[in-house]
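Peer 1: Just so it is clear: in the sequence shown, position 215 is 264 by my numbering, and no numbers are missing.
Derived from the structure by calculation, the hints contain no laboratory data. Ideal placement from N, C-alpha and C gives every residue a C-beta, glycine not left out. Heads up, some of the hints might be wrong.
Just the calculated beta-carbon pair ranges, DEER-fashion [unchecked claim]: (1) 353 <-> 181: 26 to 36 Å; (2) 115 <-> 225: 45 to 55 Å; (3) 341 <-> 139: 32 to 42 Å; (4) 210 <-> 230: 17 to 27 Å; (5) 180 <-> 122: 29 to 39 Å; (6) 177 <-> 250: 25 to 35 Å; (7) 253 <-> 122: 17 to 27 Å.
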Amino acid sequence: MCAFDKRYGREINMHNKKFTGLFVFAIVILIVGSGFAHAQKGGRKSAAAAPARSAAPPPAILNNVDTLTMIRRSNRLNVGVASYVPWAMHDKSGKLIGFEIDVAQKLADDLGVELNLMPSGQSSLLDNLLSKRVDILVTGMYPTPQRALLVNFSEPYAKSKIELIASRDKMRDKGDRRHYDDPEVTIGVVSGAVYESIARSEFPKAKIQLFDNEAELMEAVGTGAINAAMASTPGPEFAMKHGGARIYRPLADPLETLDESLAIRKGDIDFLNFLNTWIRYYERNGWLKAKRAYWFENTEWADQL
């Protein structure tokens with residue numbers, strides 16, 4: 050091969066090496082650029098998706114506090130109750146007694162903490178629970194869809210019958226429902242109780258008067274200030290027994306039979322599981338049945354009042 054060919058060959062080789070180097074450099078630039086663009090695209094995607102991940106969760110999650118743990122750490126169970134005979138009432142010494150008080154005490158004992166009873170009016174119960182003044186409502190509350198939007202209900206642990214009682218002076222010998230569905234008739238119920246909606250449904254023409262507590266309600270029907278009242282058994286039986294002949298039951302059958310449940314704040318899943326386990330356990334071993342029999346099937350406890 051001549052010198053020219055050798056020189057030309059070297060030039061070709063050098064040219065090929067330069068071309069190969071440029072080609073490799075271009076490939077690297079494309080790969081890096083592609084990765085950078087992908088990263089940028091991914092970054093925008095993440096940024097766009099961020100609001101969805103950080104969007105405010107529903108209230109049930111926001112309010113999810115481990116109340117069960119907090120109760121045990123504080124060594125105290127704060128229980129909201131309302132005055133109803135014989136659910137919760139004061140004895141001669143001023144001490145609270147009743148079916149709900151026994152239930153609350155048993156709950157506290159099984160949790161290994163002290164019981165702190167916090168009585169209030171019926172209309173304040175849910176506010177006290179939602180504002181965390183109390184940990185639980187032990188008031189025989191009737192679950193409704195509207196209430197279930199605000200709180201979690203346990204399985205039922207009792208039932209109550211809603212009865213109508215009447216003033217003998219005002220409603221003597223009037224034993225038909227139509228006698229009470231009248232614009233001239235005033236029916237009393239405790240404010241904030243489910244009885245109000247039942248009363249308005251059963252007796253739409255009657256006047257419905259609200260009372261702060263059951264004691265005032267029973268006094269009003271006993272004195273004839275109102276024509277009739279709605280209350281859960283055995284409250285009406287107790288009122289008739291201790292109200293002489295002034296109060297009587299005009300209807301043979303109850304107006305309603307309602308489930309009663311414990312109420313806690315939304316999100317308290319562990320607490321709810323504990324309560325449902327507690328209810329099932331004491332249903333099986335007969336403790337709840339015995340307590341219901343004592344407080345609801347007789348009035349031997351009346352001497353304590």
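Peer 1: So, for every hint listed, does it hold in this structure?
Peer 2: Hints, one by one, checked against the model:
1. For the pair residue 353 and residue 181, the supplied restraint of 26 to 36 Å holds, since their beta-carbon distance comes to about 33 Å.
2. Between residue 115 and residue 225, the C-beta spacing of about 54 Å keeps the proposed range 45 to 55 Å intact.
3. Between residue 341 and residue 139 the C-beta distance comes to about 21 Å, which lies outside the given range of 32 to 42 Å.
4. Between residue 210 and residue 230, the C-beta spacing of about 20 Å keeps the proposed range 17 to 27 Å intact.
5. At about 20 Å, the beta-carbon gap between residue 180 and residue 122 misses the expected band of 29 to 39 Å.
6. Range check, residue 177 to residue 250: Cβ separation about 27 Å, and the 25 to 35 Å hint holds.
7. Range check, residue 253 to residue 122: Cβ separation about 50 Å, and the 17 to 27 Å hint is violated.
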